[in-house]
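Using the sequences and the hints, build the whole thing.
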Amino acid sequence: MIMGEVPSYRVTGVVSIDELRKLGLIPPEERLRKGPVSIVECPEMIPCNICVDACPQGAITKDRIIDIPRINWDKCIGCANCVALCPGLAIFVVDLSKEDRAYVTVPYEFLPVPNVGDYVVLLGRNGRRLGKGRVVKIWERNRTWVVTVEVPRDLAMEVRAIWVERGESTQ
Amino acid sequence: MPPSKFVKDRRIWEHPIITFSRGRKVKFYFEGQEVEAYEGESIAVALYAIGIDVFSWSRKLLRPRGAFCMVGKCSSCFMVVNGIPNRRTCIEPVRDGIKVERQRGLAPIPTEIPKYPEHPEEVIKTDVLVVGGGPAGLLAAITAAEYGLEVLLVNEHFKLGGQLVKQTHKFFGSKELFGGLRGFQIAEVLRNRIRELKNIRVLLQTTAYGIFRDGWVGLVGQDRVYRVKPRAVIVATGACEQYLPFPGNDLPGVMGAGGAQTLMNEYGVRPGDVALVVGSGNVGLIVSYQLLQAGIRVEAVLEIMPYIGGWFVHAAKIRRYGVPILTRHTVKEVWGSDRVEGATIVRVDDKFNPIPGTERDISCDLVLLAVGLAPDTRLFAQAGAIMRWVPELGGLVPLRTPYLETSIPNLYVAGDASGIEEATTAMIEGEIAGLSTALSMGSANSKAEERREYLLKFLWNEYRASPLLARARSGKEKATVSVDEMNILRKKYPPLTSFG
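Residue numbers (the working numbering), protein chains in the order written: chain A, 1 to 171; chain B, 1 to 500.
Because the hints were derived from the structure by calculation, they are not lab data.
Keep in mind the model is a prediction, meaning the values are calculated, not measured.
For glycine and all other residues, C-beta sits at the position ideal for the given N, C-alpha and C.
Treat the hints loosely; a few may be bogus.
Which chain A residues face chain B? A few, computed with CB under 10 Å, are given here [unchecked claim]:
| # | residue |
| --- | --- |
| 1 | T12 |
| 2 | P43 |
| 3 | P47 |
| 4 | V52 |
| 5 | A54 |
| 6 | I65 |
| 7 | V106 |
| 8 | Y108 |
| 9 | P112 |
| 10 | N126 |
| 11 | N142 |
| 12 | R143 |
| 13 | T144 |
| 14 | A161 |
| 15 | W163 |
Below is the structure:
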């Protein structure tokens with residue numbers, strides 16, 4: 001492989017919003033403001049179509065198994081089934097429908113498991129701590145927890161993981 | 001009971017993905033001292049769990065050797081068990097009362113004569129012999145058995161499932177290909193299917209040691225040997241982890257990435273506290289994430305190339321938790337006395353030469369090598385199958401037709417032994433090989449033929465069509481010849497044996 005052909009996320013392990021937008025993986029601004037919607041951060045041609053089957057709305061499609069997923073933003077209701085089932089843990093749900101805050105839904109496969117109401121550490125794509133956020137919803141599917149946290153609006157496209165410090169959970 | 005001098009407990013009792021259901025307690029003797037383990041653990045795992053880092057001492061320089069592959073492929077866990085030297089303790093289960101001793105240099109010849117069973121030898125005639133109980137072998141056995149063939153499945157380990165049993169991540173693929181399930185869950189599904197099929201006989205802890213003239217295969221089990229006369233053989237022996245040369249690479253604590261997975265994901269034993277991972281292919285990235293899940297700190301993942309080797313999504317999973325992936329970096333040296341205490345890493349230039357002055361020391365007790373795998377193709381080479389050196393596939397592999405038959409008639413290859421890819425393609429190849437045996441024996445119908453064509457088309461035209469899999473795809477192309485080409489080669493280099 002020649003370096004010039006290698007996208008920067010293959011060097012850093014961090015994908016930028018611009019790169020995702022170019023691949024058609026970022027919903028338009030007005031859709032984001034309407035309510036929860038899936039952001040599929042899956043820029044490579046992986047032979048996998050679990051997300052297609054995972055979506056009860058039929059909003060995710062792939063022509064060939066190796067294609068990058070296509071999301072029909074109008075069909076997507078932000079249910080986060082795909083967040084729970086994506087083997088690459090590469091799908092998130094962002095909700096920008098409220099004026100003063102945002103909600104981000106991320107997969108979580110660590111211990112301890114937080115409770116609704118707990119404040120957890122918010123992490124960016126590069127592991128940077130972005131403050132703390134309150135857990136508003138949490139559910140589980142085959143040991144992957146799907147956690148929705150309340151975050152400041154300007155962090156909605158940045159927060160992509162949570163970390164629960166031992167003793168931090170009120171559990 | 002006197003207080004044990006082995007006070008460490010490296011067992012993991014709480015894990016986000018796996019529930020470790022440990023068997024009853026077992027007591028055995030380690031160098032005269034009574035130690036405890038849990039039924040279902042291997043001897044090496046049980047010793048590692050109580051803090052034994054040194055498994056043996058090298059033969060000439062008596063350097064300490066520790067856990068490395070943990071799947072019966074290397075020799076660092078050789079110990080004396082009940083007087084018998086050179087036992088692979090990583091694939092030998094603990095039993096009550098056994099006596100285990102480490103080896104310093106060459107072991108003495110055993111003096112105790114083992115008790116032989118009444119029938120130390122058995123001759124077996126079967127339709128299909130499957131060697132290897134990993135994803136490829138299990139699919140091959142299931143498929144052949146579903147078409148009514150008598151199947152003998154032999155596995156070196158005391159458990160079926162191969163490397164699936166230590167994969168805690170969810171697999172890519174489609175639902176039909178077990179995608180979305182975690183590796184150990186796929187192993188469970190396949191094991192249950194094997195149990196249902198009454199025409200599969202399973203021999204565990206049994207090694208196929210050689211292929212002989214006139215289509216005979218020799219097996220050696222725990223208390224007997226077998227002479228097998230199969231009509232077809234499918235060899236799915238998997239792969240061995242590659243080594244990397246650097247000073248200190250033999251110190252206990254330098255481990256294959258798969259060895260660490262065996263410890264922490266199969267047996268629930270912490271391989272260390274602070275890790276450095278060498279190699280950012282999928283194995284390196286996935287094992288790093290699994291280390292974090294087991295509560296182990298990962299200082300960095302090193303990658304000698306200027307870009308990450310594995311899928312971006314696997315890299316993103318560890319980057320989100322702050323693990324740095326250092327491209328253009330390699331390990332220069334590892335130090336410690338009886339266990340890794342740290343490593344020096346270094347930047348490399350465009351020609352992969354270390355750049356002086358860029359060295360950095362990292363404190364760690366675990367250095368995991370995830371620098372590739374080599375197909376385990378010893379049986380093919382021994383049988384005289386036509387081999388080809390294919391670097392894209394990890395080394396020497398048998399030449400095969402699209403239906404996975406080698407130059408030895410009715411000897412098939414499937415899975416990583418056919419060239420390194422991953423578990424999903426191994427399962428597809430296993431099924432193709434199983435279908436091929438059924439078709440060649442006339443026990444299959446046109447449905448089997450259609451299924452095989454569908455799988456071949458899917459594998460070559462869809463699955464391997466991803467540009468990121470181009471290297472493996474081109475490797476598999478180099479190792480594959482048409483049936484006509486194979487027949488020409490067979491005339492030129494007549495097979496030394498054949499099945500049928």
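Right, here's what the structure says about each hint:
1. T12: holds, 8 Å
2. P43: holds, 6 Å
3. P47: holds, 5 Å
4. V52: The hint holds - A:V52 has a Cβ within 10 Å of chain B, the shortest such distance being about 8 Å.
5. A54: At 8 Å from the nearest chain B Cβ, A:A54 passes the 10 Å test, so the hint holds.
6. I65: holds, 5 Å
7. V106: Result: holds, 9 Å to nearest chain B Cβ.
8. Y108: holds, 8 Å
9. P112: It holds, given that the least Cβ distance between A:P112 and chain B is near 9 Å, below 10 Å.
10. N126: Since chain B brings a Cβ to about 6 Å from A:N126, closer than 10 Å, the hint holds.
11. N142: holds, 7 Å
12. R143: Holds: closest Cβ of chain B sits about 5 Å from A:R143, inside 10 Å.
13. T144: holds, 8 Å
14. A161: holds, 4 Å
15. W163: holds, 7 Å
Against the hints set out earlier in the document, no violation occurs for any number.
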